[in-house]
Amino acid sequence: MAYDKFTILRSTAVPLPTENVDTDQIIPARFLKATEREGFGDNLFRDWRYDVEGNPKKDFVLNDPTYSGKILLAGKNFGSGSSREHAVWAIYDYGFRCVVSSFFADIFKNNCLNIGVLPVTVSAEFADKLFAAIQADPKTEIEVNLPEQKVKLLTTGEFESFDINEYKKDNMQNGFDDIDYLLNMSSEIDAFAASR
Amino acid sequence: MEKTTLFDKIWDSHVVKSVPAGPDVFFIDKHFIHEVTSPVAFLNLEKRGIGVKNPSRTVATPDHNVPTVDQDKTIKDKLSRMQVERLRENCAKYGIELHDLGSAHHGIVHVIGPELGITQPGMTIVCGDSHTSTHGAFGAIAFGIGTSEVEMVLATQCIMQSKAKKMRISVNGTLGPGVTSKDIILYIISKISAAGATGYFVEYAGSAIQSLSMEARMTICNMSIEMGARGGLIAPDETTFNYLKGKQYAPKGADWDKAVAYWKTLKTDEGAVFDKELVFEAADIEPMITYGTNPGMGIKITENIPSTAGMEGSNKTSYLKSLEYMGFAPGESVKGKPVDYVFVGSCTNGRIEDIRSVAQFVKGHKKADNITAWIVPGSKEVEKMAHEEGLVKILEEAGFVLRQPGCSACLAMNDDRIPSGKYAVSTSNRNFEGRQGPGARTMLASPLTVAAVAITGCITDPREVFAN
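Protein sequence lines, in the order shown, are assigned to chains A and B.
Mapping the first sequence onto the working numbering, position 62 (from 1) lands on 62, and the numbers just tick up by one.
Mapping the second sequence onto the working numbering, position 327 (from 1) lands on 1327, and the numbers just tick up by one.
So that you can see chain A by itself, here it is in the shape it has in the complex:
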């Protein structure tokens, strides 16, 4: 369904350098039992965020008031495992609009683009630079500029370009989703199906 348009996002970021964060960590399977898309943000990183009694774990970054923002700065191979889109719903619902990592799992990345969370892949070196900057000053702002396809460290002006295909970029900038596109080519799809 339609989502908020994404153009330029300036925000502080929440750092989570752990590698190979799978979608079972982002949202454990036992929280997938909804029949509507609501309330997933409450269970984002549930088992890292809360203990068995439901008390916040102090050492987890989402519980640390030092860090906040609309950008999640994540470790390598983020979003591996299950195809559950609920993982991205949880990220969006919590308030993140962009995930920056040096490496994303494939299905997760697609799911992000489909619901309006921008996945930005940067080099490992630039990711390290961003982590270091946030560690040094949690108020460090990052600018994610979709039209120019650039992610910039606002304190120093250092930036890196990122890839996104023109079609998905256009969708993100306008808040369109794929179904709008597919429904518009219904007759072409019918002709294709008939020819098979």
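It should be emphasised that the hints constitute simulated quantities derived from the structure, not laboratory data.
Source: prediction; values computed, not measured.
Beta carbons are placed, not taken as given, at the ideal position from N, Cα and C, and that holds for glycine.
Careful, some of the hints might be misleading.
[Unchecked claim] Far from chain A by the CB rule (all over 12 Å, computed), these chain B residues:
| hint | residue |
| --- | --- |
| 1 | G1102 |
| 2 | L1116 |
| 3 | V1150 |
| 4 | A1235 |
| 5 | T1239 |
| 6 | G1246 |
| 7 | D1257 |
| 8 | D1275 |
| 9 | K1276 |
| 10 | D1284 |
| 11 | T1308 |
| 12 | H1365 |
| 13 | T1372 |
| 14 | V1392 |
| 15 | G1457 |
| 16 | R1463 |
[To be verified] Listed next, the in silico DSSO-like pairs over lysine-lysine satisfying Cα-Cα at most 27 Å (straight line):
| hint | chain 1 | residue 1 | chain 2 | residue 2 |
| --- | --- | --- | --- | --- |
| 17 | A | K33 | B | K1191 |
| 18 | A | K76 | B | K1316 |
| 19 | A | K5 | B | K1422 |
| 20 | A | K33 | B | K1165 |
| 21 | B | K1163 | A | K169 |
| 22 | A | K58 | B | K1073 |
| 23 | A | K169 | B | K1165 |
| 24 | A | K58 | B | K1321 |
| 25 | B | K1163 | A | K76 |
| 26 | A | K5 | B | K1017 |
| 27 | B | K1316 | A | K58 |
| 28 | A | K57 | B | K1321 |
| 29 | B | K1047 | A | K57 |
| 30 | B | K1093 | B | K1191 |
| 31 | B | K1047 | A | K33 |
| 32 | A | K33 | B | K1422 |
| 33 | B | K1422 | A | K169 |
| 34 | A | K33 | B | K1276 |
| 35 | B | K1321 | A | K129 |
| 36 | B | K1047 | A | K129 |
| 37 | B | K1165 | A | K76 |
| 38 | B | K1017 | A | K33 |
| 39 | A | K150 | B | K1165 |
| 40 | B | K1191 | A | K76 |
Starting from the structure of chain A, add chain B where the hints point.
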């Protein structure tokens, strides 16, 4: 003529249109749905005021959250019950074939698709579940999708996908005794890591792959996603055709001959180029087990857990965090470590051959006292065969508890959970933190290894048990 791969042949023939500087509009032949990833897709269709374009191309079954006891009764868990009921309502409303709880072909979606002959060579198959790659064993392009894409397929029979890069993984030679297809795939993932095939679609080839049964091939393709691959596939051959012949939804009569003639064309041309090629020797593969919290963290049972030598930064931190969760130390051996649970089941290893191999192994023996042993058939059909072949009796005499079909303890959405801190050796596909229940410690292995562990009560090389 241009030399193309099996993947190219199937992909290219399903592209309705290539969007300039964008993805392909990709036509889907078969769509499987289940109760967990479909309800929001149906809800969105309603919000948009549109229906299901071609209900005959979608097949449904509830599998992820269902209880594995008392399936004839109302589901106790309210949220699970609501999801299953919503699936029933949606299937009835749109005329979608449903294999409901208790019916003859209920089961895990990736078990029943092949079993019914719905899965066929040359098809494009998707499902809101990453283990859809299982169906690639038949020479189909099959992969997992998110709920937005489930909605796309329901609404338009297409999704928008960029074509993946191509990788071929060849495994040549003959497997040693006690080594199974599960060990092949755990070995490959341990070599290339849990992200080693991200961005690729993998074709498995080589004599060791060709010699496998369909069920063993499904185990391999099933875990393609565990190395990050979009999917995996194997060229169809006589083994494939023999498996499909006579299945309920397989073509019959003249249609069968026509289908087989087409299926025989589905192979990679000699000289076709892959973006990446990897070659392994079957003789190098031994019974495998995972020791960490992603499927790439696997070793031969005879090996020690890797030390931290050469690791630094977040790589080392993540590794130590993982071992701490598992209660293991770098450099130590896992052999002889006590285990609490064994689980035989899932879309990876919940088929009749898996249950046969466990039953054959444990026949005349008893499980160790410290072990709780669960066996969960992948489908009603598998359950039925297990009864008819006397396997259930053998397993129950050995102290295993047989449960009803479903995804069960693979992802612990129902009550089949491993308690916090306990060790489970499991035939499933993921050893992520909390995958089998909060705090549960999962070690992935083959059904044979799981059988050996059940008998000895600790991590055991199956080749050392009942060496006769």
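Does the structure break any of the earlier hints, and which numbers would those be?
Failing hints, ascending: 3, 17, 19, 20, 22, 29, 30, 33, 34, 36, 38.
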